[in-house]
Amino acid sequence: MARINLLPWRDELREKRKKEFITICIGVALIGALAVALAWFYYDHKLEDQEQANQLITSTNQNLDVQLKSLEGLEAQRNAIVERMKLIQGLQGQRPIAVRLIDEMVRVTPSNLYITKFVRTGDKFTIEGKAESPNTVAEFLRSLEASAWYRNAFMNSFLAVEEKKDKAPSSVVPRVEEGYGSFVITADLDEIAQPTTPEAAQNTANSTVGAAQ
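Letter 170 of the sequence shown, counting from 1, is numbered 1406 in our numbering, and no numbers are missing.
FYI, nobody ran anything at the bench for these hints, they're computed from the structure.
There's no promise every hint is true.
[To be verified] Distance windows between CB atoms, simulated:
#1 F1390 / E1368: 18 to 26 Å
#2 L1395 / K1360: 16 to 24 Å
#3 A1269 / N1297: 40 to 48 Å
#4 A1396 / R1320: 43 to 51 Å
Glycine included, C-beta positions come from ideal geometry on N, C-alpha and C.
Assemble the whole structure, with the sequences as input and the hints as a guide.
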């Protein structure tokens, strides 16, 4: 019977398996390193994308803040324009009333009476002028009471002109108005001219009309 020595074959097989194991380990290590590198690149790219998105959100928020501030300014301008339009509408609504008041005042004023001052404060009127006599002022008061635009007419005072006995003669003919007395009358605005809206009610006017003597 022939004797076969298997030791060299077993040593070669062991070496072969050892090399294969080392090769497999190196391959697995390379694959793992490659996987780690790919994962790192992937998440780094995701992180960059997230940072860019965050920067975009931040810049967008800043732009929105600027736009909101500009909108607040526009809102303030809009409110100012609306208030100005309300004021203009109120004044335009009061303009015909003021014209009618002056026109009515001219209509009811007697010929021997003239007005030097006409002041309106809210719905109250103060009328100053000169008249030939208290009777003339009384006639003027009755005309105001009969008017549809005035009420509660009242004469506060009447100051007659004192005649100077020792006045030196003059060649100049004195004017008739120089002998008129001064009067002060108060009156109220009648309900026909009362403002009908809250905006118009707040627009009270103070007006003064001066007449030449």
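Hints and how they fare:
A hinted range of 18 to 26 Å holds for the C-beta pair F1390 and E1368, which are about 20 Å apart. The supplied range of 16 to 24 Å is met by L1395 and K1360, whose beta-carbon atoms lie about 22 Å from each other. A C-beta distance of roughly 41 Å is found between A1269 and N1297, which places it inside the suggested range of 40 to 48 Å. A beta carbon spacing of about 49 Å between A1396 and R1320 agrees with the range 43 to 51 Å that was offered as a hint.
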